[in-house]
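Residue numbers (this note's numbering), protein chains in the order written: chain E, 6 to 784; chain L, 6 to 784.
You may find that some hints are simply not true.
Stated by the list, open to error - Within a straight-line C-alpha distance of at most 27 Å, the following computed DSS-like cross-link-like pairs (lysine-lysine) qualify:
#1 E/Lys-700 <-> L/Lys-689
#2 L/Lys-689 <-> L/Lys-700
#3 L/Lys-36 <-> E/Lys-700
#4 L/Lys-714 <-> E/Lys-36
#5 E/Lys-611 <-> L/Lys-611
#6 E/Lys-562 <-> L/Lys-238
#7 E/Lys-590 <-> E/Lys-636
#8 E/Lys-562 <-> L/Lys-36
#9 E/Lys-689 <-> L/Lys-36
#10 E/Lys-36 <-> L/Lys-611
#11 L/Lys-611 <-> E/Lys-700
#12 L/Lys-562 <-> E/Lys-562
#13 E/Lys-722 <-> L/Lys-36
#14 E/Lys-714 <-> L/Lys-689
#15 L/Lys-722 <-> E/Lys-36
#16 E/Lys-714 <-> L/Lys-714
#17 E/Lys-689 <-> L/Lys-689
#18 L/Lys-562 <-> E/Lys-700
#19 E/Lys-465 <-> E/Lys-36
#20 E/Lys-689 <-> L/Lys-714
Keep in mind the hints are simulated off the structure, nothing from the lab.
These numbers were taken from a predicted model, which means no experiment stands behind them.
2 protein chains.
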Amino acid sequence: MTQARTSTAQLEEELAQIRRYEDFSTIDWVKDAIIERYRQSSIQTQNRNDTSWRAWRKLTYETTQTWIVVTLVGAAIGLNSALIAIVTDWLSDIKLGYCSEAWWLNQKFCCWEIEARDGSCENWIHWSQALHMGPDVFVVKWIFYVFWATLFATTCAYLVKVFAPYAAGSGISEIKCILAGFVMRGFLGSWTLMMKSVGLTMAVASNLSIGKEGPSVHMACCVGNVISRCFQKFRTSKAEMREILTASSAAGVAVAFGSPIGGVLFALEEMSSTFPNRTMWKSFFCAMIATMVLQAMNPFRTGKLVMFQVSYDREWHFFEYLFVVVIGIFGGLYGALVIKFNLIVAQLRKRYLKNYGVSEAAALAFFTALIAYPNVFMRIDMTEIMGILFRECEGAQGENYYGLCETNGVGRLVVLLLVATVLRTIGTIVTYGCRVPCGIFVPSMAIGATFGRMIGLLVKAWQVSNPDFFLFASCNPDMPCITPGTYAFLGAAAALCGVMRITVSVVVIMFELTGQITYILPTMIALMITRAVGDWFGADGIADRYIRLNGYPFLDKEDHVFGVPVSHVMQSEMTVMTATGMKFKEIDEILRNTNFQGFPVVQDNKSMAFIGYIGRSELRYLLDKARSVYKAHDTTGVRFSPDTNEDPEVLTSTSDVDHVIPGSSDFLDFGPYVDQTPITVHPKLYLETVMDMFKQLGPRVVLLEQGGKLVGLVTIKDVLRYMARIETSNTTDEAIDDMEQSDCMRSLMAWISRRSGRTGTYTQLNSQPEEEIHELHGR
Amino acid sequence: MTQARTSTAQLEEELAQIRRYEDFSTIDWVKDAIIERYRQSSIQTQNRNDTSWRAWRKLTYETTQTWIVVTLVGAAIGLNSALIAIVTDWLSDIKLGYCSEAWWLNQKFCCWEIEARDGSCENWIHWSQALHMGPDVFVVKWIFYVFWATLFATTCAYLVKVFAPYAAGSGISEIKCILAGFVMRGFLGSWTLMMKSVGLTMAVASNLSIGKEGPSVHMACCVGNVISRCFQKFRTSKAEMREILTASSAAGVAVAFGSPIGGVLFALEEMSSTFPNRTMWKSFFCAMIATMVLQAMNPFRTGKLVMFQVSYDREWHFFEYLFVVVIGIFGGLYGALVIKFNLIVAQLRKRYLKNYGVSEAAALAFFTALIAYPNVFMRIDMTEIMGILFRECEGAQGENYYGLCETNGVGRLVVLLLVATVLRTIGTIVTYGCRVPCGIFVPSMAIGATFGRMIGLLVKAWQVSNPDFFLFASCNPDMPCITPGTYAFLGAAAALCGVMRITVSVVVIMFELTGQITYILPTMIALMITRAVGDWFGADGIADRYIRLNGYPFLDKEDHVFGVPVSHVMQSEMTVMTATGMKFKEIDEILRNTNFQGFPVVQDNKSMAFIGYIGRSELRYLLDKARSVYKAHDTTGVRFSPDTNEDPEVLTSTSDVDHVIPGSSDFLDFGPYVDQTPITVHPKLYLETVMDMFKQLGPRVVLLEQGGKLVGLVTIKDVLRYMARIETSNTTDEAIDDMEQSDCMRSLMAWISRRSGRTGTYTQLNSQPEEEIHELHGR
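Could you build all of it, start to finish, from the sequences and the hints given here?
Structure, rendered in structure tokens:
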């Protein structure tokens, strides 16, 4: 039995070598789980009766290895995040001036403890000063600001384009697919990590409407992948690797927001398809280590984990729920708007700007900087402005926060904030998805915060001017009644929820971000409304929409109702292997001419009596082996009949063949390699149940068998194809909500097509994958 | 199509009426999901084209209903919890004396703001005072203490026995099973809720070694069940009901510890088998509402959600990790010890004390009180003592906390704490599981806290006496180096983790409990060690062990490696229905003589060609209907051949029969009611994969089909039976760790049997279900 296990393991290792080169395929989690279980049990069996020091060490190493890796990954993520924060800060300030003492210091450190009374500092030279034009020449500052921003964005886009195209964008959509079992070679590689880290500092510093949170998740997963693949265990087991990647994504959010529990919940709510307890514990640990390393590095010298320390100590009035509803509705509308138009922009970008990524980024940075500079709420860093918008004015110790706390001039402030909200929304729509590393978390939150603060200021002004209005009866006349900062806080949460469609993690992230739990009920109510409004326009967040846009094989977590049997969706025209009568050449040609990931095996083409399933990689391996070892030639016969004896102790039917294909140069028996137990279902089973199987169990393919006869097969791609068909056809009741959107989008696309003299419908565009993302292979 | 759906829905409703009386059966989640999807889609279809106000209201109500229920449930849980806290407090104090001003006040409120300088208060009359024997006669106080404790426990056990036997015990194990799909009628009923609430106040006040956290979860689920079953939606859909119950369990923990996020994570980690995002969001909301209501009720007049406000402001020294390891090991050993011996006690209780629940509780309370009173750390309420043990001495403003802060007399303190640790451990072992409402959370935490504080005191004493020892080099000589309170904190976390085997939720609960996140790393390390030590003795927590003890059909979340095909486990002797040739009487007799929950349908007994599956309730329904409507008699022929036409638009094959069984009094066609698409697998499929199917998809039965032929069937019970067999047999490598335990237990049981003149082995005992929990029906 041990022997059998060992040989199975060896075979699996050889096969793993081949499988590693299957790009754009999906992982069969059912098989992976079996392989991994036997790997573990064989280690235990091997070492159980061996009481030597080495065996003990091996067993201990086996158990502690994962924790060592998680710790290393967490620490590396924290470190990387701290370095990026420092560099980004410096680059951001470079846009304004430089430090005369030491060019590598940013404004804060340059002026550390030597700041003059009026807030200026001698060591920090503004660019207009550097040109000896005086310290405050607006136009010169503006020009320099625009120049540096454009330079950063261009460099960044160029680096990304040349060294690691995968480093562009947010990465969250792709990681969701990878965690669900999609293989994208290089997406989590070291080059991507490096370019994304370098590029992100510049992209953020260029003041584009992008955030670093999405990329932070991507970088964290790169770190997780790069470190863990140094260990044999994680190279072999896809499930173990998935755990590390899930933990890394939690750590990515944790360092981005200083929010370890929020990170874990984000991984649970948004990223992972499966989340068993051991993954949760690893995610928690990884997020914790990463946050602690970041805190120890202390890149901002605040010594705090909480990014925006606020202390709202006033109570919430009942009438304010009215405005909570307004903010909630705003969040939902904002999300729907951004998702809709950003996707149109993404399609246009795919179509017309595919080869102009660098120029596009340059142009975007140029215009963003040009427009942003005059408005203070757009000029400074988004994270900083958020912190300011969340603050209360009372107890601000004379600080004015860019005029936010002035009691008169509310009108001007409101206009500034409204302009900032609108312009930044447009900026986010056109920028998110361009060929630089970019996230949508922080821009959304910043937009929500400006809007929320604006509402807060308006309500406050209203209350101050009409204190006797019936709504404000509950206000204490001796105290400020409205705290606009809390409205900004709610707005940020609502906008983030609107665009990502995550709820619990947003609540926890907001609390960990601000160290504040007084306003938990208003926050939850705002998010419920946001969610309801958003769902009215379509249930998917932007990450899921990008997945569909790119045609990745991913089933979202939502429940769908189709009301059709799975046979509606199946491929009934299959390339099958027959148990007997096939020749070497025939199989070789099938492999060369198709790109299916596997083939059902049947008794013969006529009866279609179902025997099993054989994977493409196994077949490839066997053919190569047969050719080299057995000198198989084109006419060698191949048999696929598996051993039918039911020896209960034999673990896998390959166990006793030990790398030898039975047969001679005239005859090959591939039978032992046929998987006799793929997941099979009745063709009348509901499609929804099969989708649950794909989501929960994760097989690569589900075979349809009726009365022992193979009827068809279904993959995730087939299900997705069916869903897309439903959505674009008008006949099904269930898809009406989605329809409205795609209708509108289709007509817009049609209009654009007519304009540009091309023909093409939305549907075609939609199913056309990105150039770099080569056509998904087969099933 | 609409018509078809409606009739299906009506039929389902009728069937639901029958199914409701299936006690001790398991829910088929696969079917439930299908039914629920069609219910939802039919509501949408019905109302989509109807633009009237009523249709809009109906749709809106349908969507908001769940939230209304969640809010109501949360509020009721908070309210119930507050009431229990108030009554428990009062009853606890009654043991010591009464309020002369108003008998219904507890000591704290009786003495509210009128406390004298020395801490005494005139209004509060100690029992020895009441007898005019002076205020401080130790023996009299002791006697009264014992008297009241015994009285409370006896009353409680009596009430539980008479009115709601299900109210005894913790309830967590059962709720885990219910959430996984096990039906236990009355377990979550209003009588259970009432008796558990009333009983719990007395049980806790009686100073037994029990906590109120487990029962709090049970009561919360009762509240959830009682409220939600007033709504049609939750009566019909088991999945919706499960969501409400999961949310309720989260709220139960949330109110017990004042820890909303911890509650959600507890529900995720310990309670639920499936935890989709919408459940998480509902749990979060429910927990939040419950906590807020509790806080608004403010039963302790502290105005704080945080139960034990502590502020550890000193840093953690590296050498202290050594003691973290000690505490972690203690947690693991404590857990293993309690689980092991408590289970033995539980078996003895089942065997010998089944009818003596009241006397047992009385005796336990009597001895516990007798022993506990002289030791201050055992006399006062466990929650209170925990809060005291967590505290720092510095900044205690002269408070002495029962001598804990005295600098000399450490020896006496250590002895007291050690005695408290040991005695309370014994108390917990013998008490947990007795026939009163009882939880194991708080006793475990209290034990951990006394042990931790003891270690802390020892380390402190060592450091103070040997400040130059190399270990203490990092201590600042001008400041206290060791904070014993933090050791107590760690000990509580470790002991809780050791006994329940939950990790992330413990971390979060501890932080929400104390409002303290400084010591996150030591806590996590302690828990990792606890977990590792505990796993060495067996991976399951006490809740899972009780599930196995009681023989509930529940697969735990752990991965198992068996390495056998599912055919090893299957029942190959099945009672099947044949497509043709069966008579009415025959079927009626099968139903009467067996208690299987359903029957496979095959072409004939010889070929066993697989056709489908029919449930017991459907069959029962059809037979009754046939008898009453069609006047079927004993010799009426019954056919089970389903319609094989594959009309794609027909949703279920029952859609066009509309409550009419085709046929006459001589011939009945049950074909349309046969489920043609039960989950089937190949008999060679690995058992582990089938277990995954049970866990993830939740079918009631998995049928084994090979080449169109029915080979056998598997239920969760079969899998559990196989697991039990492996564990008690000596042949399998994998079960060695578990073996050691059961070996030991078996020999102990054998010894006891010999003593008592009975025969019987552990295995028999183990598979013997509790009397009240009738034998599980069938498969």
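Quick rundown of the hints versus the structure:
no. : hint                    : in the structure
1   : E/Lys-700 <-> L/Lys-689 : holds (23 Å)
2   : L/Lys-689 <-> L/Lys-700 : holds (19 Å)
3   : L/Lys-36 <-> E/Lys-700  : holds (17 Å)
4   : L/Lys-714 <-> E/Lys-36  : holds (25 Å)
5   : E/Lys-611 <-> L/Lys-611 : holds (26 Å)
6   : E/Lys-562 <-> L/Lys-238 : holds (22 Å)
7   : E/Lys-590 <-> E/Lys-636 : holds (13 Å)
8   : E/Lys-562 <-> L/Lys-36  : holds (19 Å)
9   : E/Lys-689 <-> L/Lys-36  : holds (14 Å)
10  : E/Lys-36 <-> L/Lys-611  : violated (34 Å)
11  : L/Lys-611 <-> E/Lys-700 : violated (38 Å)
12  : L/Lys-562 <-> E/Lys-562 : holds (21 Å)
13  : E/Lys-722 <-> L/Lys-36  : holds (25 Å)
14  : E/Lys-714 <-> L/Lys-689 : holds (18 Å)
15  : L/Lys-722 <-> E/Lys-36  : holds (25 Å)
16  : E/Lys-714 <-> L/Lys-714 : holds (11 Å)
17  : E/Lys-689 <-> L/Lys-689 : holds (23 Å)
18  : L/Lys-562 <-> E/Lys-700 : holds (18 Å)
19  : E/Lys-465 <-> E/Lys-36  : violated (61 Å)
20  : E/Lys-689 <-> L/Lys-714 : holds (18 Å)
Hints 10, 11, 19 from the earlier list are contradicted by this structure; the remaining hints agree with it.
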